[in-house]
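Number of protein chains: 4
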Amino acid sequence: MSRNFRLILDCPDQVGIVTRAGEVITRNGGWISEAAHHSDEESNWFFSRFEIQGDSLPCGIDELRRQFESLKDELKLNLRLIDTTEKKQVVIMASKGSHCLSDLLDRWKSGDLDCDIPCVISNHEDMRGLVEWYGIPFHHVVIEKDNKAPGFAQVEQLVDEYKADCVVLARYMQILPQALCEKLRHKVINIHHSFLPSFIGAKPYHQASRRGVKLIGATCHYVTEQLDEGPIIDQDVVRVSHSDKVDDLVRLGKDVEKTVLARGLRAHLEDRILVHGNKTVIFS
Amino acid sequence: MSRNFRLILDCPDQVGIVTRAGEVITRNGGWISEAAHHSDEESNWFFSRFEIQGDSLPCGIDELRRQFESLKDELKLNLRLIDTTEKKQVVIMASKGSHCLSDLLDRWKSGDLDCDIPCVISNHEDMRGLVEWYGIPFHHVVIEKDNKAPGFAQVEQLVDEYKADCVVLARYMQILPQALCEKLRHKVINIHHSFLPSFIGAKPYHQASRRGVKLIGATCHYVTEQLDEGPIIDQDVVRVSHSDKVDDLVRLGKDVEKTVLARGLRAHLEDRILVHGNKTVIFS
Amino acid sequence: MSRNFRLILDCPDQVGIVTRAGEVITRNGGWISEAAHHSDEESNWFFSRFEIQGDSLPCGIDELRRQFESLKDELKLNLRLIDTTEKKQVVIMASKGSHCLSDLLDRWKSGDLDCDIPCVISNHEDMRGLVEWYGIPFHHVVIEKDNKAPGFAQVEQLVDEYKADCVVLARYMQILPQALCEKLRHKVINIHHSFLPSFIGAKPYHQASRRGVKLIGATCHYVTEQLDEGPIIDQDVVRVSHSDKVDDLVRLGKDVEKTVLARGLRAHLEDRILVHGNKTVIFS
Amino acid sequence: MSRNFRLILDCPDQVGIVTRAGEVITRNGGWISEAAHHSDEESNWFFSRFEIQGDSLPCGIDELRRQFESLKDELKLNLRLIDTTEKKQVVIMASKGSHCLSDLLDRWKSGDLDCDIPCVISNHEDMRGLVEWYGIPFHHVVIEKDNKAPGFAQVEQLVDEYKADCVVLARYMQILPQALCEKLRHKVINIHHSFLPSFIGAKPYHQASRRGVKLIGATCHYVTEQLDEGPIIDQDVVRVSHSDKVDDLVRLGKDVEKTVLARGLRAHLEDRILVHGNKTVIFS
Numbered sequence: 001m002s003r004n005f006r007l008i009l010d011c012p013d014q015v016g017i018v019t020r021a022g023e024v025i026t027r028n029g030g031w032i033s034e035a036a037h038h039s040d041e042e043s044n045w046f047f048s049r050f051e052i053q054g055d056s057l058p059c060g061i062d063e064l065r066r067q068f069e070s071l072k073d074e075l076k077l078n079l080r081l082i083d084t085t086e087k088k089q090v091v092i093m094a095s096k097g098s099h100c101l102s103d104l105l106d107r108w109k110s111g112d113l114d115c116d117i118p119c120v121i122s123n124h125e126d127m128r129g130l131v132e133w134y135g136i137p138f139h140h141v142v143i144e145k146d147n148k149a150p151g152f153a154q155v156e157q158l159v160d161e162y163k164a165d166c167v168v169l170a171r172y173m174q175i176l177p178q179a180l181c182e183k184l185r186h187k188v189i190n191i192h193h194s195f196l197p198s199f200i201g202a203k204p205y206h207q208a209s210r211r212g213v214k215l216i217g218a219t220c221h222y223v224t225e226q227l228d229e230g231p232i233i234d235q236d237v238v239r240v241s242h243s244d245k246v247d248d249l250v251r252l253g254k255d256v257e258k259t260v261l262a263r264g265l266r267a268h269l270e271d272r273i274l275v276h277g278n279k280t281v282i283f284s
Numbered sequence: 001m002s003r004n005f006r007l008i009l010d011c012p013d014q015v016g017i018v019t020r021a022g023e024v025i026t027r028n029g030g031w032i033s034e035a036a037h038h039s040d041e042e043s044n045w046f047f048s049r050f051e052i053q054g055d056s057l058p059c060g061i062d063e064l065r066r067q068f069e070s071l072k073d074e075l076k077l078n079l080r081l082i083d084t085t086e087k088k089q090v091v092i093m094a095s096k097g098s099h100c101l102s103d104l105l106d107r108w109k110s111g112d113l114d115c116d117i118p119c120v121i122s123n124h125e126d127m128r129g130l131v132e133w134y135g136i137p138f139h140h141v142v143i144e145k146d147n148k149a150p151g152f153a154q155v156e157q158l159v160d161e162y163k164a165d166c167v168v169l170a171r172y173m174q175i176l177p178q179a180l181c182e183k184l185r186h187k188v189i190n191i192h193h194s195f196l197p198s199f200i201g202a203k204p205y206h207q208a209s210r211r212g213v214k215l216i217g218a219t220c221h222y223v224t225e226q227l228d229e230g231p232i233i234d235q236d237v238v239r240v241s242h243s244d245k246v247d248d249l250v251r252l253g254k255d256v257e258k259t260v261l262a263r264g265l266r267a268h269l270e271d272r273i274l275v276h277g278n279k280t281v282i283f284s
Numbered sequence: 001m002s003r004n005f006r007l008i009l010d011c012p013d014q015v016g017i018v019t020r021a022g023e024v025i026t027r028n029g030g031w032i033s034e035a036a037h038h039s040d041e042e043s044n045w046f047f048s049r050f051e052i053q054g055d056s057l058p059c060g061i062d063e064l065r066r067q068f069e070s071l072k073d074e075l076k077l078n079l080r081l082i083d084t085t086e087k088k089q090v091v092i093m094a095s096k097g098s099h100c101l102s103d104l105l106d107r108w109k110s111g112d113l114d115c116d117i118p119c120v121i122s123n124h125e126d127m128r129g130l131v132e133w134y135g136i137p138f139h140h141v142v143i144e145k146d147n148k149a150p151g152f153a154q155v156e157q158l159v160d161e162y163k164a165d166c167v168v169l170a171r172y173m174q175i176l177p178q179a180l181c182e183k184l185r186h187k188v189i190n191i192h193h194s195f196l197p198s199f200i201g202a203k204p205y206h207q208a209s210r211r212g213v214k215l216i217g218a219t220c221h222y223v224t225e226q227l228d229e230g231p232i233i234d235q236d237v238v239r240v241s242h243s244d245k246v247d248d249l250v251r252l253g254k255d256v257e258k259t260v261l262a263r264g265l266r267a268h269l270e271d272r273i274l275v276h277g278n279k280t281v282i283f284s
Numbered sequence: 001m002s003r004n005f006r007l008i009l010d011c012p013d014q015v016g017i018v019t020r021a022g023e024v025i026t027r028n029g030g031w032i033s034e035a036a037h038h039s040d041e042e043s044n045w046f047f048s049r050f051e052i053q054g055d056s057l058p059c060g061i062d063e064l065r066r067q068f069e070s071l072k073d074e075l076k077l078n079l080r081l082i083d084t085t086e087k088k089q090v091v092i093m094a095s096k097g098s099h100c101l102s103d104l105l106d107r108w109k110s111g112d113l114d115c116d117i118p119c120v121i122s123n124h125e126d127m128r129g130l131v132e133w134y135g136i137p138f139h140h141v142v143i144e145k146d147n148k149a150p151g152f153a154q155v156e157q158l159v160d161e162y163k164a165d166c167v168v169l170a171r172y173m174q175i176l177p178q179a180l181c182e183k184l185r186h187k188v189i190n191i192h193h194s195f196l197p198s199f200i201g202a203k204p205y206h207q208a209s210r211r212g213v214k215l216i217g218a219t220c221h222y223v224t225e226q227l228d229e230g231p232i233i234d235q236d237v238v239r240v241s242h243s244d245k246v247d248d249l250v251r252l253g254k255d256v257e258k259t260v261l262a263r264g265l266r267a268h269l270e271d272r273i274l275v276h277g278n279k280t281v282i283f284s
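Protein chains in written order, with our numbering: chain A, 1 to 284; chain B, 1 to 284; chain C, 1 to 284; chain D, 1 to 284.
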């Protein structure tokens, strides 16, 4: 991958934001290869994403950041400047189910996910061999049913140690403690096995079977303190029929889960997602 | 369309149902062009649909029905025998929104819906001209906000007069009285403008926008006394993004609504739907 | 619809295009509600689309156009400035098949297509009544099998008279003469009833049936002198099975044809399409 | 998985096939849990698939086969009787690309593919470690560019030794010799990385990029002597845009390839596919 810089910003809407941000980039020689802007009329908020060719910016990202300081104050920008050569550290948490984990590992090894995976954390030993074949450290952290705090303390410590930029719950099946959710705000990506807000809570495929729906789905979202209520990143569905039992729904759902999770993670890694309230702006 | 007979049955599951039903058809020379059978293990119930070439059955459908009598009793069959030359009478009910109505009328005129449309009933005058251009009687039946009974009595009378086999609520926007729902059990097809069970109730597109979903959908279902809870016939979805406002969701949703409603109606007209409890078996 | 201005441009890629175009907009007070930019690395070409709130530009579109003159020369811009209150004139051409025409008319009447439809031209009388119900002039222009020139001369005259900005071939079934294609370059939108480049030419549904494909599709494209080879605007598919005969493919295909044609037309009307060589950039 | 028997047949169409086949099953006490029948009018051919609960047939499958002998001759049946406890032996052939292989292995280990995988054959060493982690023998068989016969002789020997019922080309990238195609007729499943018949031959994603299509796809088919021309089992597509370069098409296509290949293999394993000429009947 060639080096790119990304400028991600959102702020109260007003005249001239694109031009003034663009002006800082241009006066440094920055070559914009892709850009998108969105104005949300309801909240009067503005969102913007620029992708800039790194070799066109001899000044470097720190100098660019410095030059944005005054604009940041003036326009009240939430601003991120990203250097794509600094790979994001993605910690994956998994349980016994292997489909999402296995899928992510293959994508990563094939070069289709632009990140490092410094470790995998699981509350079961099952996937250790596979993870280690990929050359990734595997940590077995037991979450005791009646005493979850010690396990989650260890999880938090690992997340800190590995300097995780992002935590992916690849069908992890455990609910993160509220404090950890808050600490990792908009950094924890979950895949929920239903087309939210349908079938919130436990055993969504059983719920779907009882209701007799003709499509089932999966939802990738940021984790918040409200279970299954976080900002939605991506969703998809697959057709089912009367002849599909719960087991079939589970099996068919896996394909959607792993695809949607990988798409959501990719959008996160490419800094295409801006969260505003409980909704996401996603620049495709 | 050539004449076909259809045998639709469901009953408690046991050995020999296909063979014994087939035996009645075969001894009369019936040429089966298509058949499908489904056994629901959970409820131990059996479902079957045979399509038989009409010209292979010189005995006629009444004689065939007579010959099925003893089997019907013995196997406790719910049984329908249909002659495809007796077109179903489909009464369409519409409001001001034209997309579903206009779509159904064009399909019907193009010969893609094998039914008669003896009349259209609407609580608004708007669509009279279009309906009448298609040569179909148009009845304007006002449903008074504070006194709905007289209007619905008139609706019921029209449905009776026209001997409706099926009533299609093409975004009718009014809730049918409970008694009418019961009288027309599994004969009233509604299109709900959400991917049920998400966003039950009023203004689903507003609800969808607030939740920030990435797909919106529509659901075609039989109307029961429980609003939006009837057996689902078909569903579909369309992708939306952060840049779609409620108006855009409404517009994008229309495409799904009309397509799903037409598909559901077609399945009904081809006797492909068997209702069991609150779920449908649909032989494609 | 509120008044918006749209700035659509493409040019050889270089540093500063977004900023300099934005600068012209901003110094006039222009409020950008939406913008997207794309750089094609292979051809080193840049594409850009700005949507600007009309009431934020007291100078008016002519003055804005004047101010862009020098930038246009300097950056070698292909540039369009559009005032959304000047509705595009869309002439629809149809044949006997009604599904696309009927669908477009309903969308237009419902306010979902932001254009005028000054007339419909058809080589058959069948749809006159429906078109006239919508209050739109209907012209029956016969294309003689052995002498097509007079008919097409009349078509060209009508297109000129009505000052058509866009001509939609709604399953028109006739091939436009080469000279007309050239004259109306990137203004004629066709819907082809296959997933191009599969099944180019005649009777694509018959071809699809013979090949035994499991999905069929439709393709909306700009018409060029090379039949079925023009720049693709949109495509979609629908699932079919072994039990679908050619007639069923035709019927199922209609849903895709009308949906894809309407989506393509909408993208054209919103000035989201930039043609480059034989490909399209479509800002969603 | 519980034991089931499957009866798969096709034959010239005539009156009474379902009934007479059903009669044999019923007189032995066979409990039909699922059945589907299809009559192809064009070729006047009949296709049928019965799924029978094994424990309802005390006579066993050999006795059932014996009892079908006379019917087989009389009705000219192509007939297969399958015992689901005899797992099919599926040999996977792969190259360097891992996405299909990795996906199939995970599905298999998760119990979602009802087969044995006695070995994986590859012309590269890359995937040995992963395959062996799953406990499956890995054979590295080099296909020399200028002398392919010895390599394919070894492949054939392995296929024979492992008594392969099915060979899956999981992006194998080599063309099997004609004699092997014929020997393994309707037993070799390939995944082609285009929506056939579009972009037959080499580098379909490059072809797709040049043509500017808006959807790309993949096709699962049985391998025949005619490259990319065999009977199609399944296909699917994914949306792409102007901003997707060839590399992106390759990446996006992988998701479709692996999903479609797995679906096609599953249909094969469940004996849902009947080949007739160059087309497939697939009982879902």
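Since the hints were derived computationally from the structure, they do not count as laboratory data.
Incorrect hints may have been included.
[Unchecked claim] Using C-beta positions, here's what the derived DEER-type ranges look like:
{"id": "1", "chain 1": "B", "residue 1": "D83", "chain 2": "C", "residue 2": "R211", "range": "44 to 52 Å"}
{"id": "2", "chain 1": "C", "residue 1": "R211", "chain 2": "B", "residue 2": "S241", "range": "29 to 37 Å"}
{"id": "3", "chain 1": "B", "residue 1": "V246", "chain 2": "C", "residue 2": "D160", "range": "49 to 57 Å"}
[As the list claims (entries may be wrong)] As a list, the in silico SDA-like pairs of lysine to any residue whose alpha-carbon atoms are at most 20 Å apart:
{"id": "4", "chain 1": "D", "residue 1": "K163", "chain 2": "D", "residue 2": "N147"}
{"id": "5", "chain 1": "A", "residue 1": "K245", "chain 2": "D", "residue 2": "R272"}
{"id": "6", "chain 1": "A", "residue 1": "K109", "chain 2": "D", "residue 2": "K72"}
{"id": "7", "chain 1": "D", "residue 1": "K187", "chain 2": "D", "residue 2": "E132"}
{"id": "8", "chain 1": "D", "residue 1": "K279", "chain 2": "B", "residue 2": "S284"}
C-beta: ideal position from N, C-alpha, C; glycine also.
Now the hints, each set against the structure:
Our hint of 44 to 52 Å for D83(B) and R211(C) is violated, since their Cβ atoms are close to 36 Å apart. Remark: the range hint 29 to 37 Å for R211(C) to S241(B) is upheld by a beta-carbon distance near 35 Å. Taking 49 to 57 Å as the suggested C-beta distance range, the pair V246(B) and D160(C) does not conform, at roughly 40 Å. Straight-line distance between C-alpha atoms of K163(D) and N147(D) comes to about 26 Å, which puts the hinted pair past the 20 Å bound.
Of the supplied pair hints, the one linking K245(A) and R272(D) holds, its CA atoms being roughly 18 Å apart against a limit of 20 Å. Straight-line distance between C-alpha atoms of K109(A) and K72(D) comes to about 52 Å, which puts the hinted pair past the 20 Å bound. Between K187(D) and E132(D) the alpha-carbon distance is near 25 Å, which puts this suggested pair outside the 20 Å criterion. Between the alpha carbons of K279(D) and S284(B) the distance comes to roughly 19 Å, so the proposed pair stays at or under 20 Å and holds.
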